[in-house]
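Asker: With the hints as your guide, set chain E onto chain D.
As they're listed, the protein sequences go chains D and E. Yeah, the first sequence ends on 556 if you go by full-length UniProt numbering, and it's all consecutive. Yeah, the second sequence ends on 685 if you go by full-length UniProt numbering, and it's all consecutive.
Since the hints were derived computationally from the structure, they do not count as laboratory data. None of the hints are false.
DEER-style ranges, computed between Cβ atoms:
no., chain 1, residue 1, chain 2, residue 2, range
1, D, Ala74, E, Lys660, 38 to 46 Å
2, E, Pro73, D, Leu539, 42 to 50 Å
3, E, Ile618, D, Ala191, 51 to 59 Å
4, E, Gly502, D, Ala74, 43 to 51 Å
5, D, Leu539, E, Val506, 21 to 29 Å
6, E, Ser534, D, Leu50, 47 to 55 Å
7, D, Lys329, E, Ala556, 27 to 35 Å
8, E, Gly525, D, Leu539, 48 to 56 Å
9, D, Asp313, E, Gly502, 15 to 23 Å
10, E, Gly672, D, Gly424, 36 to 44 Å
11, D, Leu539, E, Lys18, 58 to 66 Å
12, E, Lys660, D, Asn253, 37 to 45 Å
With a straight-line Cα cutoff of 27 Å, these simulated DSSO-like cross-link-like pairs (lysine-lysine) come out:
no., chain 1, residue 1, chain 2, residue 2
13, E, Lys598, D, Lys235
14, E, Lys470, E, Lys610
15, E, Lys524, D, Lys235
No experiment lies behind these values; they were computed from the predicted model shown. Just so it is clear, CB atoms sit at the ideal spot from N, CA and C, and this is done for glycine as well.
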Amino acid sequence: MATYTLMRSSLGLLHGLKCSFKSVGQIPYAGALTRSKVLQNARCYSVSHLSVQERIEQKRKAALTGGGQLRIAAQHKRGKLTARERLELLLDPDSFVEYDMFVEHRCSDFGMEADHNKYPGDSVVTGQGRINGRLVYVFSQDFTVFGGSLSGAHAQKICKIMDQAMMVGAPVIGLNDSGGARIQEGVESLAGYADIFLRNVMASGVVPQISLIMGPCAGGAVYSPALTDFTFMVKDTSYLFITGPDVVKSVTNEDVTQEELGGAKTHTTVSGVAHRAFENDIDALLNLRNFFNFLPLSNKDPAPVTECHDPRDRLVPGLDTIVPFESTKAYDMLDIVHGIVDEREFFEIMPNYAKNIVVGFARMNGRTVGIVGNQPKVASGCLDINSSVKGARFVRFCDAFNIPIITFVDVPGFLPGTAQEYGGIIRHGAKLLYAFAEATVPKITVITRKAYGGAYDVMSSKHLRGDVNYAWPSAEVAVMGAKGAVQIIFRGKENQAKAEAEYVEKFANPFPAAVRGFVDDIIQPSTTRKRICRDLEVLASKKQTNPWKKHANIPL
Amino acid sequence: MAAYRSAAGFQRVLHAVKTFDKILIANRGEIACRVIKTCKKMGIKTVAVHSDVDSSAVHVKMADEAVCVGPAPTNKSYLNMDAIMNAIKQTGAQAVHPGYGFLSENKQFAKRLAAEGVSFIGPDTHAIQAMGDKIESKLIAKAAKVNTIPGFDGVVKDAEEAVKIAGEIGYPVMIKASAGGGGKGMRIAWNDEETREGFRFSSQEAASSFGDDRLLIEKFIDNPRHIEIQVLADKHGNALWLNERECSIQRRNQKVVEEAPSTFLDPDTRRAMGEQAVSLAKAVKYSSAGTVEFLVDSKKNFYFLEMNTRLQVEHPITECITGLDLVQQMIRIAMGYKLQHKQSDIPINGWAIESRVYAEDPYKSFGLPSIGRLSQYQEPLDLRNVRVDSGIEEGSDISIYYDPMISKLVTYGKTREEALKKMEEALDNYVIRGVTHNIPLLREIIVHPRFVSGDISTKFLPEVYPDGFKGHMLTAGERRELLATAAALYVAAQLRSQKFLGDLRVSVVPAESRQWELCVELDKGVHMLGVSRSGNNYTVEIDGEKVEVSGEWNLASALLPLTINGKHRTLQCLLRTAAGEITLQYLGTSFKLRVLSKLAASLSKHMPEKVPEDTSSILRSPMPGSVVAVSVKPGDNVAEGQEICVIEAMKMQNSMTAAKAAKVKSVHCKAGDTVGEGDLLVELE
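Same shape as in the complex, but just chain D (with noise of 0.2 Å):
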């Protein structure tokens, strides 16, 4: 941890420097002095005809500038803005505090060293601010400066924020526009991703991270977004790939483009490598400090409450006939999120992959709730791969920080095939197995239909510690739907429809798992909205915590 105690034994300096970049005005001059005599000591300038006071402003100024007219130009060109209008707008006015802004790349290869290559505070504008005046640490790669690759110094400057977000406990949201490693540094580069590497992974579980990629993301690059808690895209104009369209050509001889091989649809839709993705930069910023407004600051804090003026005993008239009479039929669970949470408003995780299942945030009273329903518009809301893999990772990132769980439950059980089999839906599903069963956050789960199977299980049941499950009154908790079960149990029988009205009888009703006690009640569907906030206050002192452990084993 050598970087890090440097880095800490240097705050004192660092923060001397903050600036917004609105009021270069008012810098606090003993500090800066301090600063500059140390790079003064360090290099010598050939502009040592300027006082100290000239060179800082005039090295202020260059930083603000980034690559120059030029190349913010072409920038915006691309219909991207640049590194610091893009912290301007994704934080509160007047708010941002810059570190850093003097770091120069320390590469003296390649003609690297000539001071036309040298742009203060290199290709990364790092520092913290205030969204709707909550504290979150905060990167932004510098596309103007050498295409915002990462160099030595670049990595530093992420690694000084990332550290200290994790001691101040606060967010870290990283905006990403970078070509990639810096070549020129070779090593030192590469030295600096995992650098970022180690921190994305020590701040898993500490403090939410984002990364928002708002250009090209590629090779090595990738990991760190893929490291992180969420990750956001901007249509047409963000890349993530491991190669590019060139090295796959070559590689595999195929054909792509860069927007098929790694743009935003494709990760939204087929590879569920973001989790959503937006039309442009001003879109993905504003919506960004709307989605920040879900996360408590670390697993230290409680999910945020915000003021809320739905009524939290409201009645949804409309949940009593939504689920259809025919089991067969298919309704839109988003309906029954959407009557119950706060003012309709629900943030999907991941909205166009594994549809079958839908994830995302809401508020229940004002307080922040994790959603997990299947859904039974999709492939029957049954539980396959990808639908188990998207559940299981927004279960635990709940978990991990005190966000409650709200489990809308209509599954017909896991997905059958030799296409799942051989994918290792066993493996996988058993993901989303653990991480119910492994969470502590208050559980709260809706059985609105069927409830079959293994599957039933696995969805926030009972029996994984469930705090409160409820069934509507068409819910069904069975081993399986009626005509299977008939099928096996009364095998080469005659009569069968006989014995399956009487299975349905018997089991198509809450009734088997209520006098169990495996459902704590049948409501009203109207009355959902109003028990689970009344729930969720009971719960917000619950107390439960897993056997002592290095750490848990989830089948990966």
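Answerer: Chain E in isolation, oriented as in the chain D frame:
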């Protein structure tokens, strides 16, 4: 509603009178609910019938008993006489109220009921038959000295005969189904070509709706008013006229806004029309409630159009001004009681307006059906003098199987002006989410100067909106109000998003601001606004003008009651996104705005333009429905305006035409397919 309550007064008197113990209502939706309400007041048990998709519908819940009569399609359920007869036997209902539509004017049904000894709450079979046939009804009307439309006659065999008849009558002519009521299956032709087309459509619609493809062609009276007289007759030869209803505001010959009385009739014309209506009723020995429809020209000449032998959709406005409960009267009459009232007892008390609220997109030919689930639904019932007849509730589905009517919104006042003001308020306070609805159109009609002055005809809509309905056109002042509201709402939401409750480990440092500089976009116009706030009051400066907006700013409520520059206004916020998009329903029309900070607005010029899809070469279904016919195949050359396929929805056949001359690239539908709104039908090259 004073007038309606007085109707309840009549009921109290009548409660002791014995009628039926149990009535089956052979209908669905609002009219079934409407009938059940009166039955309840009269102490009569009710039986609802329903299709399987309607099993949790409001009318089913309201009734004492309910019987499923078949699957969703109407010919298998609500028109399924066998199943309904079984339901009657099964429940022991003594009488059937048919509502309107479905079996209400079906003489077979009335006959079968009579054979089983079950009372039909409506006229006798012979009256249904006589008036149900457009040709026979006119002959009877003529004989009863009722004014009839000049130059008409003939049942039509084929398109060429239709053209010949049309030529004899002289254009324009109207072509419609002999068996049908209302505007369904009715087309107007101005030349031979249109006659052929009209013949084809009308005969198909007639066949699908009535199982009877006979047609009628008659002289079309240009620019008429549609005014109808409500009659009430008993089985003892007594008949009354209950004044008129003005139903001229129509689109595609279906009524949209109705009122009673009409601004156009003087007492003499009213009496003349009423007396002719009564004499027609007497001529066919009519009993029960019925409606005699007239076309009235600008010189107050009136011509008999047809008689509807059932309760009309728009009957509530007559109830409002006369204080009678028509359903109750029908039940009494069916039981054989004499009329309680004399003609001199029938008043015109005040004014009533009815708006038909439909799940329709009014921007597409004044209303193409839309479907969906009513995710939020709130009727403006907390207002006085408002009556809402509906058969749906929050969570109900508007499906492709049935009429897309959401409700009938009726307002009442001592004067027309009062009733109209109330209608504005009621429409503004009506919350409908999840389906596209026609409130924008209704709200525009009732404030249009021509409507307000009473200068209307059945051509009102095409004349007032020759290029189609485009929503409310904002005046400069209204535009400022709207912009100011969006800006104030944006700031209120921003401020709230900084309010975190509870003990916080890291303190929240909200951005301190009392002044906001915002940029609001509306219809490609961009406005810079300055907003300042004190408490719940916002002062918004737009182009040097100040707008004061204040309100509770409850961001969870569907309604946004505000005071804007001292005036009370109710707006609705339909959408508010993190990216600053705000959709407000203002004066009935929804407006899409975008509010951005000055900074975000200045940076938005760098954002890439997204290229929208070229729609001229793609034909998408404008509404949900089923494909009746596809007239092209890949490789065909089509001319601009040529029919490509026909979509049927809610019994209306809609011809889809090519937007340009091109070659057909691919066809994505075939006859019999069910398509959703926006589904790709055909691609052109």
